[in-house]
Amino acid sequence: MRDQPQKPPESLMRAIARDLRPVRPSPQPFHLALRMVPLALLVSSLILLAIGSRADSGKLGPLLTWGASSAQFALAIALVWIAAHESTPAGRLPRQIVYSVAAAASLVVVLVTLITFSTSSGNPILPVPPRINEILRVSPWIMGLACGIGSTVAGGILVLFFSCVFRNAIATRPSVAGALYGAGAGLAINAGWRIACPFSTPWHALGAHGAAIVATVILGARIGRALGNRRLQIGGTHS
Amino acid sequence: MVRYQGGSVEAFQEIYLQLAPGVRRYLSHLAGRSEIADDLLQETFLQMHRSRAAYNPAYAVRPWLFGLARNVFLMNRRAARRFAIVHESRQDLPEFPVLPEADRLGSQDEIRKCLANLAPDQAEALLLHHEWGFSFEEIAGMLGISAAAARARASRAMADLRMALNTLQRARV
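Taken in order, these protein sequences are the chains called A and B. 604 is the number of the first residue of the first sequence in the numbering used here; add one for each residue after it. 88 is the number of the first residue of the second sequence in the numbering used here; add one for each residue after it.
I should point out that these hints are in silico values taken from the structure, not numbers from a laboratory. There may be inaccurate statements among the hints.
To be verified - Pulled a few chain A residues facing chain B out of the computed Cβ check, cut under 7 Å:
no., residue
1, P611
2, I619
3, P625
4, V626
5, A693
6, L717
7, G751
8, I773
What the hints assert, rightly or not - Going by beta-carbon spacing under 8 Å, a handful of chain B positions derived as facing chain A:
no., residue
9, R90
10, G94
11, N143
12, A145
13, P150
14, G154
15, N158
16, L161
Keep in mind the model is a prediction, meaning the values are calculated, not measured. In this text, a Cβ means the ideal position worked out from N, Cα and C, and glycines have one as well.
Could you put together the complete structure from these sequences and hints?
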């Protein structure tokens, strides 16, 4: 049973003819992910440019400061690469790979937090007047709130940028694709933020910085879903 | 596809003429109802047009378009919440494809009936490979599974199909 080729319906041809401007082909997922690097690097290092690296970075050593952050940043780009694959109808990766990398990213954040805390859990000091440092020592939740909100805002900016790049994406699971680039944004921001923030306690690193990553994942998923719904508005033109 | 991305309407028509019949049958299989396949087909090509910038020439057009058709079907299903109806109506499919490999084992109606009783994910892998000729790597990219899993699904479906047709034949004798 083979169907005979048929000409496209008139209504479809009219819709096509309305917009035939030339478009540039989408880059490959790897190249798309690489294009995100400069801006992700810039936004994630803004906090470092503003307050510098943490006072105990000498004690932590280059591996635990720059090395761990580089690993997180590389994982962030890997997540964006997977999101780009997820957004390509014929290029999806097996679910096991998608979930393994997402799990690996969570594990890396937790492990780096615990190792950092075990290496340097001393009194955090910020480059601010001693009176403010004293307030932060007594009420550490203030710093938690500042880090949580700050890295969520920075991550949100990256998510918005990523969603602009992915606006033409036609993912089968747009929420998953959005969550993946949201996780990438959150992880990239955390890579820079953790070098600047002097608080090593797990409750701060996971409660504030971790919550910011979760927030960017949720934001990415919501934006991805909204973009997917907008793109594939089925049923509006026919019943 | 590259010519079409450059703004050629003739290139779009060529793509449509070559791929629309196969995509329509695929949509008909997914939806289980041929009467909505035409709507979904039109929607698929409309989405292809809107998303033509998202196509990367490194991918083959056919699996990309079939993957897009699958997205359109899934979004339609989500929108209409017709899942239950789709599966209930699978018994009487007018255009359900018949595999050439299974043609000797039973009548077309019997094959359709047995295909409709297979697990949907297995039947999809089987049809994509045997009916539409996609490689297991291409199926993997479309379904978000590994090539080995695609092969296993298709092979399990073929085994189940053979068993079901043999059972029917024995019952006839």
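### Query
Measuring from the C-beta of A:I773 to each C-beta in chain B, is the shortest one below 7 Å?
Nearest chain B Cβ about 5 Å off; hint holds.
### Query
For the hint on B:R90, does the least C-beta distance to chain A fall short of 8 Å?
10 Å, violated
### Proposed interface contact between B:G94 and chain A, which counts if any beta carbon pair is under 8 Å
Nearest chain A Cβ about 4 Å off; hint holds.
### Query
Does the nearest C-beta of chain B fall within a distance shorter than 7 Å of the C-beta of A:V626?
4 Å, holds
### Query
Should the interface hint for B:G154 be scored as holding, given a Cβ-Cβ cut-off of 8 Å against chain A?
3 Å, holds
### Task
Report holds or violated for the interface hint on A:A693, using the least CB-CB distance to chain B and a cut-off of 7 Å.
4 Å, holds
### Interface hint compliance - A:I619 to chain B, C-beta minimum distance less than 7 Å
Since chain B brings a Cβ to about 5 Å from A:I619, closer than 7 Å, the hint holds.
### Residue hint B:A145, partner chain A, criterion CB-CB below 8 Å
This hint holds: B:A145 lies near chain A, its Cβ roughly 6 Å from the closest one there, short of 8 Å.
### Query
Quick one, is the B:L161 hint okay against chain A at 8 Å, beta carbons?
Holds, about 6 Å.
### Query
Hey, does the B:N158 contact hint survive, CB to chain A under 8 Å?
It holds, given that the least Cβ distance between B:N158 and chain A is near 5 Å, below 8 Å.
### Query
Would the stated hint for A:G751 survive a check requiring a Cβ distance to chain B of less than 7 Å?
Where the cut-off is 7 Å and the nearest Cβ of chain B is about 33 Å from A:G751, the hint is violated.
#### Entry: chain A contact restraint for B:N143 - C-beta distance below 8 Å
5 Å, holds
Hints 6, 7, 9 from the earlier list are contradicted by this structure; the remaining hints agree with it.
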